[in-house]
Amino acid sequence: FVETWCSSWFLFIRKLFFPTTMIERRLLPDVDRDLDSFSIIEKLPCDLVRQIIECTPESVCNLRLTSRTLRARVDELAQSRATIPLAKQITFVGGLSSDKYDKRIDISILMLVCNSMLFELRLRESGFDKRQITKHVREYPETTCM
Amino acid sequence: PNVKLVTSDNEEFVVDFRIAKMSVTVSRLMEAMNMSETDDASLLSNSIPLPNVTKAVMARVIEWCEKHKNDEPKEEKENDKRGRTTHVVSDWDKEFLKNDEFGRLCQLMGAANYLEIKGLFNDISQTIANMIHGKKSDEIAEMFNIHCDLTEAEKKEIRKKTAWCED
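Which chain is which? The protein sequence lines are A and B, in order. Counting in full-length UniProt numbering, the first sequence runs from 1 upward without gaps. Counting in full-length UniProt numbering, the second sequence runs from 1 upward without gaps.
Certain hints may be false.
[To be verified] Using C-beta positions, here's what the derived DEER-type ranges look like: (1) Ser47/B / Arg81/A: 36 to 44 Å; (2) Ile158/B / Ser37/A: 15 to 23 Å; (3) Val24/B / Leu86/A: 25 to 33 Å; (4) Leu86/A / Gly103/B: 29 to 37 Å; (5) Asp138/B / Arg81/A: 29 to 37 Å; (6) Lys161/B / His136/A: 17 to 25 Å; (7) Arg81/A / Val24/B: 19 to 27 Å.
No lab work stands behind these hints: they were computed from the structure. All C-beta atoms, glycine included, are put in the ideal place defined by N, C-alpha and C.
Using the sequences and the hints, build the whole thing.
Right, dumping it as structure tokens:
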């Protein structure tokens, strides 16, 4: 039982934090445009765009609406293993009940609000069902976390 | 001691050894070419080729390095009121970068990345991120001259899915 339990939660956590192992990454956006029509920011190497987005993770949703190229860049970052640290704390509750129909485990992930959009994008791109996830925003003395 | 750096357009820049060492790339090349601070002959007889940097961009990089050559290594800290870890761009750096048009800023960022000058790279990426921060998609598109190739239906679909992120 312990082995099965560990194995399934290892897979869950791996999917959550290392989604590229599960999902094929699209390196190039699905675009059919003349190279001259790309703006300077769209022509920047992926690494540089990524660095810029990581400095303003709360802008990911607005950036995705600017063009297919930038949408692809943001999605690529959301699915990437190596991003800025997103979670500050992960807590597991439950799962140890002897009742075989009550194996539910609640996972609480604490993070900064500014990182939440990138994290939610990652969850969505990884195929998580939003109905299973609830978001709480609470004020901390010095920072705002969810 | 001075080090000779040669740009892609064959311009030679003679810079102080300390400034050359600010670039991890140049530093590695000097090591590979057995150039050391105490060996003037090796410094005089060799030059470091930098095929990915133009004269104009190199001049700006050197100007930044001159200003920061005596800086202590900086620590990133959570300084934003929302707890975001941001790189603090000093007033001098803001002034230094504010007159560069976006294209030049990107060239400078590319050079800082190639030369591995972390401070300059962080300054530029934070400056561009600050330009994006808090702006709507159409404002970002207008600012960076982005031709939006998304159809209205695609935008609607993205907004619908994005609503989750914006709850």
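Do the hints match the structure? See the list:
1. Ser47/B / Arg81/A: 36 to 44 Å: Holds - the Cβ-Cβ distance for Ser47/B and Arg81/A, about 39 Å, lies within 36 to 44 Å.
2. Ile158/B / Ser37/A: 15 to 23 Å: 20 Å, holds
3. Val24/B / Leu86/A: 25 to 33 Å: Since Val24/B and Leu86/A have Cβ atoms about 27 Å apart, the given range 25 to 33 Å holds.
4. Leu86/A / Gly103/B: 29 to 37 Å: For Gly103/B against Leu86/A, whose Cβ atoms are near 32 Å apart, the range 29 to 37 Å holds.
5. Asp138/B / Arg81/A: 29 to 37 Å: 32 Å, holds
6. Lys161/B / His136/A: 17 to 25 Å: At 21 Å between Cβs, range holds.
7. Arg81/A / Val24/B: 19 to 27 Å: Given range 19 to 27 Å: holds, Cβ gap about 23 Å.
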